[in-house]
Amino acid sequence: MDRNQITKWFKEPAKMANKYSLHAIYFCTGCGIIEVPPVITARWDAERFGVIPVATPRQANLFLITGYVSVKTLRAIIRTYEQMYEPKYTVGFGSCPINGGMYWDSYNTIKHLDKYIPIDGWIAGCMPRPEAIFIAVTHLWTLIDKGMANAYIRYRENYEFYRRNQEMVLGKLDWPPLHPIHSNVKAIENE
Amino acid sequence: MNESIKEQLESTFKAVVVTIPDGTQIVVSVKKDQVLAVLRFLKDRRFDHLALVSCVDWIEEKEFELVYILTHYTQGGEERTDQERLHLIVKTRISRQSPRLETVTGIFSNAEPYEREIHELFGVIFEGHKRLIPLFLERDYEIPPFRKDFDTRKYVKDVFDKIPFVEDKDK
Amino acid sequence: MSLEILIIIAFGGALLTYLVGKVSYKGRNFLAVAISLVLVAFVAYLYGKPVEKVFYFGFFDLDLVLRLNMLSWFFSITMAVVGTLSIIFSLSYIEGKEKADFYFLMMLVVNAAMLGIVLAGDLLSFYIFWEIMSWSAFLLISYNKGPALAAGMKYIIMSIIGSLCFLVGMLSLYVSFDTLNISQIASAITSASSGYILFILTAFGITFGIKNAVLPFHTWLPDAHSEAPAPFSAVLSGILIKMGTYGFLLLLYVLMGLKLFLGLGSGLLSFHSMLCFLGAVTIIIPTFIAMLQTDAKRLLAWSTVGQAGYIIVGIAFGTNLALAGGIFHFFNHALFKALLFLAIGAVEFRTLTRDLDSLGGLAKKMPVVFIGTLVGICALIGVPLTSGFVSKWLIYKALILEGSPFLAFFALAGTWGTILYSYKLIHNVFLGQLPEKYKTVEKTPFSMQLPVVVLSIAILLFGILPGIPLKVINAIGVSFGFESLSVGLWGITSETGALNTVNIFAAVLVVAVLVWLVFRLTAKSVPVAQEDSYAAGAHTPVDKYHYTAEFYSPLHRMIKPFLRDVIDEFYCWIASSVRIFTDSVRRIYSGDVGHYVMYIILFLAFLIFVQLKWRPW
Amino acid sequence: MVTKTLQIIMSPVLALVVGVFFLGLARKIMARIHWRYGPPLIQPVIDMIKLFYQKSVSHGRMFDLGIVLSLAGSIVVVLFLPFGGIAPLSSSGGLLVILYIMLLAPLGLVLSGGQGANPNISIGISRKLILSLGYEVPLLLVLLAVMTRYKTISILQVVNAQQNTGWSIISFPLFLSGLSYFLILPAILGIRPFDVSSAPQEISSGTMAEYGGKYLALATIEHAFVLFISIALFVNLFLGGAANPVIFFVKMLVVFVFGLCINAVFPRFKIEQAIKYLWKWPTLLALLGLIMTLVIRS
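Chains as they are written, first to last, in the numbering used here: chain C, 65 to 255; chain R, 12 to 182; chain W, 37 to 653; chain U, 200 to 497.
For the record, the hints were derived by calculation from the structure and aren't laboratory data.
No false leads were slipped in.
Each computed DSBU-like pair below joins lysine-lysine, with the alpha-carbon atoms no more than 35 Å apart:
1. Lys560/W x Lys254/U
2. Lys401/W x Lys236/C
3. Lys159/R x Lys179/C
4. Lys136/C x Lys159/R
5. Lys159/R x Lys25/R
6. Lys236/C x Lys560/W
7. Lys473/W x Lys181/W
8. Lys159/R x Lys236/C
9. Lys580/W x Lys136/C
10. Lys236/C x Lys254/U
11. Lys136/C x Lys141/R
12. Lys350/U x Lys507/W
13. Lys580/W x Lys254/U
14. Lys136/C x Lys173/R
15. Lys62/W x Lys479/W
16. Lys136/C x Lys168/R
17. Lys79/C x Lys254/U
18. Lys254/U x Lys475/W
19. Lys203/U x Lys507/W
20. Lys475/U x Lys596/W
Among the chain U residues that face chain W by a calculated CB cut under 7 Å, a handful are:
21. Tyr299
22. Ser325
23. Leu343
24. Glu471
Which chain C residues stay away from chain R? Per the calculated CB distances, all over 10 Å, these:
25. Gln69
26. Thr71
27. Lys72
28. Cys92
29. Glu150
30. Pro151
31. Ser159
32. Ile162
33. Cys190
34. Arg193
35. Phe198
36. Leu207
37. Asp238
38. Pro244
The beta carbon of each residue, even a glycine, is placed where N, CA and C say it ideally should be.
Same shape as in the complex, but just chain C (with noise of 0.2 Å):
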């Protein structure tokens, strides 16, 4: 917590603002969406770290996957995540999203989330209590001061085959696609 540092905010302002002022988005893709009311209300407090709840993509910079991920909510997972604005970072909520939890060999859910949108980081636990959650955004910190969360980077330049995997899943997009695509990478036609 080295927010009253007032040397390192001359040094590099953008990343000191990007650790102490994460605007999350509250959109609940699973279970684990009941840990987070107690987590900014008074019991636990995040805006003590800077991390506010935001209505909208557009305003918010962290994107909390709290839980398991259905063939449905996928779709508006990655609809959100494409509107939110760069510099982005992910969470994964327990083990689902990692490889399906679980729901391993359910026909609904999706297995591996990072085939699909990059991801920063993960918490264990199946539905991570609050104390979790901040251990989460300590860990958010130390990956954006060592310049590691880039996972919208990997997304920018992979993005063809993020693209590719999506529409694997879930058949045609009806949304264009976020950055241009070269043409190189065929999408491999499902069986």
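With the hints as your guide, set chains R, W and U onto chain C.
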């Protein structure tokens, strides 16, 4: 009171098997083409609430079993709590190869989403249904997912595991 | 160069255009524009040279007078300019339509008639030109068939009632002073009794009130404006309404003279304060009605009724600041209301609809018209740096300093109502999502863009340097007997709080440039299509994603019961009851002779009976 | 002449500092009322630095120019508003000019929002305009009462007049107007009970729905200026303005904290309830104040 309904049903419809497992339930199994008639008959006798339509996959007998659960809000004019209500379960069997059945939305309009769901998840085609479009699933499946012969592990291996991880282009 | 040549050019030109139109429509278009430009040049040339020409007219040994003083010059230059611009606009607006020659003839005749009214020195010629203006406006309003006929009928009936009152007033003046020359009457009327003056005021007041759409007589305006073809509704609401204002000015200040007008009645019950409160009410109610309209031109029509209230308050308040504000607001209103009507006409020309609920997103398709409308609504609201602001500022300052805050409150609250309905106009037409069916709208023709650009430049120019028109208005005030205002090039320099538009302009410009620099220097923003806006993770088609219907629905629900147009219903009730009565009388003439014979016999019997009973003869 | 240009440069900067400090203070006090620690006082500054570095998306030229016009309008109003001793331009335009230039800010915001082509924004805009119509009625009555009471339209003269006749909040007729102004202050600022036009839960923060990056930063700065302007106007007209900026700042702080504590505990009004409230009690008080001023003056 259960007895009277049992006699009425057996008298009006032939080849109707009515059993009363306990005080609050009556199970009526009917033929495929009698379903509409029975439902209308019961609706006139104050069973005006279609609680649920569900489907059971008897894979050995190669049949689907459709279950309509009817109940009533009021008994003799005043409210009845859920326990005291009489649940009337109408069952019918249709073949698994060509699962076709008349829609009941003509009698109970609230059956529309139930029938869409059964169509989507079991593949039962309801003739005369106005909006037989997908309800929940995003993707389309050859074998509807709720059927017993749908192997979910194989499906996951074929669809999701085949999608490659996003390696960086330069690697 | 004398005035009768001006009148001859105006009317002769109209006929000439009609004849040339038979031959070639290009020639007609060129001639119409040429004549209007000649009129503008001619009037501009006559600046500052008061002239009076008297012609002997045998009938009742009256003399027709054409005179030009500061007041009539100011009105005629406004009319000439706005008339020319609307004719330029209608060149491509009327292109395909049938009866185009008739349309141009009527447009030029209306402009000529209004010029005649303003130059008329005596009441008879005033009345003649007034009649010509009324019926030519009627023919133009009912130009495109259908509902326009009913609107035209409503307009012409009320105009005829107005003209009759004018006729009554004129005859009584002739009987009591046996002259119709305005200046002679003005000197003679001071001796008349106040009761007679009140009668004259009400007679002429009704005429000018109907034309100026003051509240009880406003019902014809919304229908007439929304059904008239766009260029004419610009002239109609820009200038034709202001003939009523000219009439009021003539009546209250030239005919009556200042002391007499202010002296009538006492305290709150004096004529001029009654007129002020009538004007104040005319500001508030139409503004709230305008908010709830869904047809663009009807919204602008109600806004015209509202703005006419400002002018009435300005004129009737009786101090030099208020008068200057009122006349300047007439000038601004002519400019920005013509601009808004022409802009909506351009939109209607391309999208063939003016329903606010189905339009949207035209800013990208019609940038020039969008900027013109933006400047127009800024002037309508009275945003600083537009001329609308200066005139409203004058009116408010006069109202507050003279210590009548309730009038000022009505006027200021009217401004906020104006913001609501003018924003609704620009939002529903130009901002928001562009529907599918208007994606193929092509560019507006140049002849429609030129008037919009010229009017916008005029509004901004007079907003930043209001001294130019204020000098002329000050001269008018002095000619009415007020002491002159200290008018600089950039505004009023007086002791209790000056107005310095150049300072305001400089401050806003510099700060805007600074903020824009900050805006440019920070991270670049990527332009994006209109579909790519936040929809809770969903991707919605364009047509389902534009919110315009019931734009102010909460306010609508709250003030709907208060806004039933009672006056219009009252007039319609009168009209229907008259129709029922006349219908019953009509039945007497049933057509077979037997009835008529029976009527005669009965009548004779009745006469005999009366003679026997009372022996009247 | 030099002091004038210095003042012209200095007063917007001072206003920005005070406004942003108030924003930080508001979040801190709100947090304390909710029994939580709340962000540091400089959190708005951190947010703005982050937003200025963030990329953003524009929906058209009017979308950009509208927000620029809105901020420029607010800054120009600050130039006309005396702040303690500093009153750079208030000689060339009195209260009327301020009233009209205060109109530029919402107009710019709604024009730029309109181009955002998002129904959430349009609903937010229609609510914002209806709300502004709602609070404008009592505000006009209050300003007219002050203007007729001191028979001038320039704020400097109102402030000087209050030096000898005492604060107008205490003098009889204007006490009602002052109270009414205080009641509609949250509506002018658009905070808690009246934040119906930028409600995050209902219409995904209304007029701000499409603002991100530098647009959101400029909008927050504009909100800070509006905060400063409305409270400074209140202090100038009713608490006698001050000779030097420090006392002026203290007066503003008192008014702000007192107002904020009331509003932190209110749930959000529906737009109809807001209008009904605004057109009932504050308008009644303001009308009474105006009538009493007229009666006493004549």
